[in-house]
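Listed below are the residues making up each chain.
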Amino acid sequence: MSSVNPSPDCAISVRGVSKRFGQTEVLHGIDLDIAHGQVTCVIGPSGSGKSTLLRCMAFLEEATAGTILINGEPLGFGQDANGQRVRLSPQRIREVRSHIGMCFQQFNLWPHMTALGNVSEALKTARGLPKAQAEERAMAQLRKVGLEDRAGHYPSQLSGGQQQRVAIARALACEPKIMLFDEPTSSLDPELTGEVLKVMRDLAADGMTMVVVSHEIGFAASVAHRITFLDQGRLLLQGTPGEVFGKPRHPRLDQFLDTYLDRGAAMLV
Amino acid sequence: MIIDFTHIIEQLPELVRSIGVTCMIWLVGTLGAVVLGFFVTLGLRFGPWGLRWLLSTYVEVIRGTPFLIQLFLLYYGGPFIGIALDPMPAGLLGVTVYGAAYFSEIFRAGFEAVPGGHVEAAQCLGLTRAQIIWRIQVPEMTMLVLPPAINMTVILLKETAVLSIITVPELTFLMQAIGSQQYAFVEAMAVLACFYWAMVSLAGRIGNFAEKRLSKYTFSHT
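For the record, the sequence lines run as chains P and A. By this note's numbering, the letter at position 202 of the first sequence is numbered 202, and the numbering carries on one by one without gaps. By this note's numbering, the letter at position 178 of the second sequence is numbered 178, and the numbering carries on one by one without gaps.
There may be inaccurate statements among the hints.
[Claimed, not checked] Residues from chain P shown here face chain A by an in silico Cβ test under 10 angstroms; the list is partial:
#1 58
#2 59
#3 111
#4 154
#5 171
[Said to hold, decoys possible] Label-pair restraints from in silico Cβ distances:
#6 113(A) / 148(P): 29 to 37 angstroms
#7 134(A) / 35(P): 38 to 46 angstroms
#8 131(P) / 128(A): 12 to 20 angstroms
[What the hints assert, rightly or not] From the structure, some residues in chain P lie toward chain A, with a derived Cβ separation under 7 angstroms:
#9 60
#10 94
#11 98
#12 104
#13 106
#14 108
#15 112
#16 122
#17 125
#18 156
#19 174
#20 176
#21 236
#22 256
Just so you know, the hints here were simulated from the structure itself, not pulled from any lab data. Just so we're clear, the structure is a prediction, and the values are computed from it rather than from any experiment. Backbone N, C-alpha and C define an ideal beta-carbon position, used for all residues, glycine too.
Full structure from sequences and hints, please.
What follows is the structure, encoded as structure tokens:
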């Protein structure tokens, strides 16, 4: 389905991406295309490399080999005149990365800034907007995630779900074209998970391109346009939720899903 | 032997002046040590290889030798290599250079304790390396190092007593003089101990207050 060459028309095009930590190869030549406006859920067991793949897409990990195009532009590495793989300048990396917003499992809000401070910081420093304008835009984002009344609170004064919503607002404030979510609800209880997933559903409904690494199979089945199943650093399956979750199922996926079905999520799948 | 504080009370103006000298050296020296220590940390973290080597050698030497000997070498040995300083500047320089080595280690640990994810979040949002250092890492590190930094500040106050060996007219120097002139060593040392203890308690209280005030800025997730 994916060609040898990366597709410049995609939001994200991953070709032959491998990642090695010392002796361990955690990703083996991943090929993946993500179309504009699509929600892709990456699922797989722990250690399958799904978070590493997502982190490569944000250039938080540098792929050992392969190419990643973001909106057709090479991320992190380009080619010199002789076709050698070379690292791009920090300036260029920041430019390409500005198309991407990232949300983390641990939220990673800055503790010394209020919710409003967190959301407006990059607008002021990275984008150079005047304070008033930056805070106005930040406030609009907080309103979107339903936290306008918490603007003056510090992260330590917010619940986990609220912190994650602030983190989403912070990423959205820079107007990314693509949002990456790295297990956004894994450190939240079910009730708080619900409020974060609602924000993500709204975002998907607005047509945002999203890549979500998650164990929320229910969310994956109901919101995602495409499901990608990773196992041991290889892309084992991809397709629509119907194709991937419908029967007959790949035996490895069946085995993986059993744990979820045991926990009563059968009706969602 | 009779305990008699009259000799000390008679010298009240001298006493007040020497307390002033102690406090001045302590505060100015600590401030200098914090600033110098901060730049040492930045140099160790972000500087080129040669600078890192130089700075880590400095930290090791200062931490590996007694303050008394460092000060002695600076004041009495300095003139042999062309650094002839009066007692006061020598004392201030000594406290600053000594304290900075310890503060740089405190700041280093603080930088390492800032969660890597906070830096990654900033990278993803397009902040430059300098912006990440000054807007994210330094403020977060400051909150984290407050308790050990207060501890170090208190230690530096007590270390100023060592300056008496290079004739800086601070409190310990005066008390030793009164003690030997009037044969009132016990009284002098008792007054000295009370003063340091009172100052350390006060500094500790100010520190606790600051920590409480700043606690909402410190991190807790989930």
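Status of the hints after comparison with the structure:
no.	hint	result
1	58	holds (6 angstroms)
2	59	holds (8 angstroms)
3	111	holds (4 angstroms)
4	154	holds (5 angstroms)
5	171	holds (7 angstroms)
6	113(A) / 148(P): 29 to 37 angstroms	holds (33 angstroms)
7	134(A) / 35(P): 38 to 46 angstroms	holds (39 angstroms)
8	131(P) / 128(A): 12 to 20 angstroms	holds (19 angstroms)
9	60	holds (5 angstroms)
10	94	holds (5 angstroms)
11	98	holds (5 angstroms)
12	104	holds (6 angstroms)
13	106	holds (5 angstroms)
14	108	holds (4 angstroms)
15	112	holds (4 angstroms)
16	122	holds (4 angstroms)
17	125	holds (5 angstroms)
18	156	holds (5 angstroms)
19	174	holds (6 angstroms)
20	176	violated (9 angstroms)
21	236	violated (28 angstroms)
22	256	violated (26 angstroms)
When held up to the earlier numbered hints, the structure conflicts with 20, 21 and 22 and fits the remainder.
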